[in-house]
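With the hints as extra help, turn the sequences into a complete structure.
Protein chains: 2
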Amino acid sequence: MQLTTVKEIYRDKEQHLDKQVTVGGWVRSVRDSKTFGFVVLHDGSFFETLQVVYHDSMDNFQDICKLNVGAAIIVKGTLVATPQAKQPFEIQAEEITVEGDSAADYPLQKKRHSMEYLRTISHLRPRTNTFQAVFRVRSMIAFAVHQFFQERGFVYVHTPLITGSDCEGAGEMFRVTTLDMENLPRTPEGKVDYSKDFFKKETSLTVSGQLNGETYAQAFRNIYTFGPTFRAENSNTTRHAAEFWMIEPEMAFADLEDNMELAEAMLKYIIQYVLENAPEEMQFFNSFIDKGLLERLELVKNSEFGHVTYTEAIEILEKVNDKFEYKVFWGCDLQTEHERYLTEQVYKRPVFVTDYPKEIKAFYMKQNDDNKTVAAMDCLVPGIGEIIGGSQREDSYDKLKSRMAELGLDEADYDFYLDLRKYGSTRHSGFGLGFDRCVMYLTGMQNIRDVLPFPRTVNNCDL
Amino acid sequence: MQLTTVKEIYRDKEQHLDKQVTVGGWVRSVRDSKTFGFVVLHDGSFFETLQVVYHDSMDNFQDICKLNVGAAIIVKGTLVATPQAKQPFEIQAEEITVEGDSAADYPLQKKRHSMEYLRTISHLRPRTNTFQAVFRVRSMIAFAVHQFFQERGFVYVHTPLITGSDCEGAGEMFRVTTLDMENLPRTPEGKVDYSKDFFKKETSLTVSGQLNGETYAQAFRNIYTFGPTFRAENSNTTRHAAEFWMIEPEMAFADLEDNMELAEAMLKYIIQYVLENAPEEMQFFNSFIDKGLLERLELVKNSEFGHVTYTEAIEILEKVNDKFEYKVFWGCDLQTEHERYLTEQVYKRPVFVTDYPKEIKAFYMKQNDDNKTVAAMDCLVPGIGEIIGGSQREDSYDKLKSRMAELGLDEADYDFYLDLRKYGSTRHSGFGLGFDRCVMYLTGMQNIRDVLPFPRTVNNCDL
Numbered sequence: 001m002q003l004t005t006v007k008e009i010y011r012d013k014e015q016h017l018d019k020q021v022t023v024g025g026w027v028r029s030v031r032d033s034k035t036f037g038f039v040v041l042h043d044g045s046f047f048e049t050l051q052v053v054y055h056d057s058m059d060n061f062q063d064i065c066k067l068n069v070g071a072a073i074i075v076k077g078t079l080v081a082t083p084q085a086k087q088p089f090e091i092q093a094e095e096i097t098v099e100g101d102s103a104a105d106y107p108l109q110k111k112r113h114s115m116e117y118l119r120t121i122s123h124l125r126p127r128t129n130t131f132q133a134v135f136r137v138r139s140m141i142a143f144a145v146h147q148f149f150q151e152r153g154f155v156y157v158h159t160p161l162i163t164g165s166d167c168e169g170a171g172e173m174f175r176v177t178t179l180d181m182e183n184l185p186r187t188p189e190g191k192v193d194y195s196k197d198f199f200k201k202e203t204s205l206t207v208s209g210q211l212n213g214e215t216y217a218q219a220f221r222n223i224y225t226f227g228p229t230f231r232a233e234n235s236n237t238t239r240h241a242a243e244f245w246m247i248e249p250e251m252a253f254a255d256l257e258d259n260m261e262l263a264e265a266m267l268k269y270i271i272q273y274v275l276e277n278a279p280e281e282m283q284f285f286n287s288f289i290d291k292g293l294l295e296r297l298e299l300v301k302n303s304e305f306g307h308v309t310y311t312e313a314i315e316i317l318e319k320v321n322d323k324f325e326y327k328v329f330w331g332c333d334l335q336t337e338h339e340r341y342l343t344e345q346v347y348k349r350p351v352f353v354t355d356y357p358k359e360i361k362a363f364y365m366k367q368n369d370d371n372k373t374v375a376a377m378d379c380l381v382p383g384i385g386e387i388i389g390g391s392q393r394e395d396s397y398d399k400l401k402s403r404m405a406e407l408g409l410d411e412a413d414y415d416f417y418l419d420l421r422k423y424g425s426t427r428h429s430g431f432g433l434g435f436d437r438c439v440m441y442l443t444g445m446q447n448i449r450d451v452l453p454f455p456r457t458v459n460n461c462d463l
Numbered sequence: 001m002q003l004t005t006v007k008e009i010y011r012d013k014e015q016h017l018d019k020q021v022t023v024g025g026w027v028r029s030v031r032d033s034k035t036f037g038f039v040v041l042h043d044g045s046f047f048e049t050l051q052v053v054y055h056d057s058m059d060n061f062q063d064i065c066k067l068n069v070g071a072a073i074i075v076k077g078t079l080v081a082t083p084q085a086k087q088p089f090e091i092q093a094e095e096i097t098v099e100g101d102s103a104a105d106y107p108l109q110k111k112r113h114s115m116e117y118l119r120t121i122s123h124l125r126p127r128t129n130t131f132q133a134v135f136r137v138r139s140m141i142a143f144a145v146h147q148f149f150q151e152r153g154f155v156y157v158h159t160p161l162i163t164g165s166d167c168e169g170a171g172e173m174f175r176v177t178t179l180d181m182e183n184l185p186r187t188p189e190g191k192v193d194y195s196k197d198f199f200k201k202e203t204s205l206t207v208s209g210q211l212n213g214e215t216y217a218q219a220f221r222n223i224y225t226f227g228p229t230f231r232a233e234n235s236n237t238t239r240h241a242a243e244f245w246m247i248e249p250e251m252a253f254a255d256l257e258d259n260m261e262l263a264e265a266m267l268k269y270i271i272q273y274v275l276e277n278a279p280e281e282m283q284f285f286n287s288f289i290d291k292g293l294l295e296r297l298e299l300v301k302n303s304e305f306g307h308v309t310y311t312e313a314i315e316i317l318e319k320v321n322d323k324f325e326y327k328v329f330w331g332c333d334l335q336t337e338h339e340r341y342l343t344e345q346v347y348k349r350p351v352f353v354t355d356y357p358k359e360i361k362a363f364y365m366k367q368n369d370d371n372k373t374v375a376a377m378d379c380l381v382p383g384i385g386e387i388i389g390g391s392q393r394e395d396s397y398d399k400l401k402s403r404m405a406e407l408g409l410d411e412a413d414y415d416f417y418l419d420l421r422k423y424g425s426t427r428h429s430g431f432g433l434g435f436d437r438c439v440m441y442l443t444g445m446q447n448i449r450d451v452l453p454f455p456r457t458v459n460n461c462d463l
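The listed protein sequences derive, respectively, from chains A and B. Count the first sequence with the numbering used here and you get residues 1 to 463, in order. Count the second sequence with the numbering used here and you get residues 1 to 463, in order.
I should point out that these hints are in silico values taken from the structure, not numbers from a laboratory. Incorrect hints may appear among the rest.
Okay, the calculated bits of chain B under chain A, using three or more residues with CB under 8 Å as the criterion [as the list claims (entries may be wrong)]:
| id | region |
| --- | --- |
| 1 | 32 to 45 |
| 2 | 71 to 79 |
| 3 | 119 to 128 |
| 4 | 131 to 139 |
| 5 | 182 to 192 |
| 6 | 238 to 245 |
Ideal Cβ positions, reconstructed from N, Cα and C, are used throughout, including at glycine.
Next up, the structure:
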């Protein structure tokens, strides 16, 4: 159908004023007096709604008056300016066709619903103001990420979801199987016989695409992943989902400095893209979800990010240890309260903390010459603390091998990974950005369940 | 590191000629005579390689001569034109630093390796010519898809991977569980007790995001998904993978005609994008992988797609039934041989076949007034047959409900889906494009294992 979108009307109103337009959308509200009425219509293309005026000259005037919230209609009429009114223009309808009515028990009424209630109707909540804004912005952020990397020549790699390796030694993975659960095949020793499973071995859902990503960085130099990732953590918090999306760039011939430059440029690019392309949504979030949002994002976009080593950061934080629930000391992991203090109170802008103790970081991070720290970096931002974590990767075959031995990792599982250090190794670096948390940061939404279309969390897998 | 890429040099050579450049990359070959030598270098940014000339005036001349294929080096030198030579320019090296050497047993030597062999080293094969081309083009196609939909205002939706519903009644799904397999909890009746599982119920990996996608189309009007999808089919063919990527657009206020227009525009857009952005790779595929590739893609790009109903198509095909292994008759499913005959012999261009018998299509497709067919469409293209399948969706609550009853589907599982027909239903349509098969089509690659970075197929889940 040839329909004009509400977005086209708002963004290019001169072209439509005083002309006939046909718009399709859903009713947000109807009110009528005896001879005319108003419909507020949204069509999903734009945050703002469109007012439609209709008159009893229409044959179906009474039907329109009785429309329930949520009904789908097609309106043909003339767009006219309304300089006296709140909205800039309205449609004077000549014809309204009901595409699909909305039953009386429509679960979304005009009143404000709680986030908790809306989570119980995840198939309908995208029709509300808040979720229209959230999921339109989510889509834009995703595109901004792709555009950022593609403009810079990064190759997008689809790393696998089903994996036979237990990447970071994390036990909290989901098993993937086609075995008959009621009648599991057994080995002679009585164990479950995974050689009968679909892949002839035990498989799980991945927790990170990084190691696979590194193999492609050593071929294409600059690559990124952007795909789903899984954690079977029993964490019932506002920031944990069992299924979430991750972005993991990886660069060959790149050290920690290059890595931080990329992370800073990426964050600024995404923020800029969203502010430019979703001004109405961002204004809405700033007014109704999180009052300090725009100011915070402007700060991130316009600051030069700070840099501090972990060791220096600990010295700074130790001086104010009485402020913290968890006291800091060299060797401790930084908690959100410490991270936020650094970025909000000390630096008053985003800050990279680098060179963490090797004991609290992953085996693949590059060991520094001090033998105590690794070339890791976390990017902390006002409002939440850590948003990005990354590192330069260990590129020495011998050092990687001995670190794996120290940690008791089975070399056989990492043959391919060691090969990268054997055949044309390069200094290389990368980081991970949790996409859903990034959406939370850019929208001010406080619960990860409200930025994922159909969130999967412990005990919850609806639709 | 500030490195000039090989792509920058090729695409903008005037700016670099007779100037100093620093390039990092991997050695494809080294040959030397007594006083000088040549290195062929690729850096992953571009399909073409760069020739480096080095002389014995360098301190490490002997080391460079001994470099193995695959070594990583950084070359500083002057880019000079070579009008007499095969390649347009070369670097006269002043300094070559070895970033990482390559052990003598490097599995990729200069000779041609078989696709089968390369599949056994999926972490190294992206360094070869063919896979450099495949995965750079794969990345571009992915971006072209996003750009196509975003330019048209479609909202990108991340539909969930883990699902509690058994969407199309397909039995062939992967189970997702955190239950202890060696010690499964049991109900009093002795069955596996899934109420103890992570989500408190049985869950699987999704086979399609469509039904979830429809809920968002009824809120945003135009949406698309682009994410991984799974089939636990025991199909060991060149076209089946257990994990693959799908694109599923869905449009409200759109009938079958709109759906076909979108599919046609999308295919043409993607082809155009790749031809423009990867001319070297496409030329390579056309010369070494599939001789008719470019001609076929140009045809698709420049044709107006044909349209034929299933019933008409059967009449056409029945006349030449002796050509086919499987004879056609009204009611049969079309096989690849029939599809290819239609598009290659009859239409000599892409063609949409519409209005299939309802018995061979999914329950959610819109029933036509003849009570025998549904508003389905398959897009057939020369070379492979079906590349896209879609339909207008049933938008009538009553018709959908009675069709579900006929097929014995449990209404309780589809409450949310029926709701869409109860609250503001619209005519709406969508389709699915298997992304990996699309990559095969655009590159001419013959095996799905060679367009997926780390393919998952029956019995195979390496890395």
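To see whether the hints hold, each was checked on the structure:
Taking a C-beta to C-beta cut-off of 8 Å, the region 32 to 45 of chain B contributes 3 residues in contact with chain A, enough for the three needed, and the coverage statement holds. A count of 3 residues in the region 71 to 79 of chain B with a Cβ less than 8 Å from any Cβ of chain A is obtained; the coverage claim is therefore met, three being the minimum. Counting residues of the region 119 to 128 of chain B whose beta-carbon sits less than 8 Å from any beta-carbon of chain A gives 5, enough to reach three: the coverage restraint holds. Counting residues of the region 131 to 139 of chain B whose CB lies closer than 8 Å to any CB of chain A gives 6, so the stated coverage by that chain holds, three being the minimum.
Counting residues of the region 182 to 192 of chain B whose beta carbon lies closer than 8 Å to any beta carbon of chain A gives 4, which meets the minimum of three for the stated coverage. Residues of the region 238 to 245 of chain B lying with their CB closer than 8 Å to a CB of chain A number 3, which satisfies the three-residue condition for coverage.
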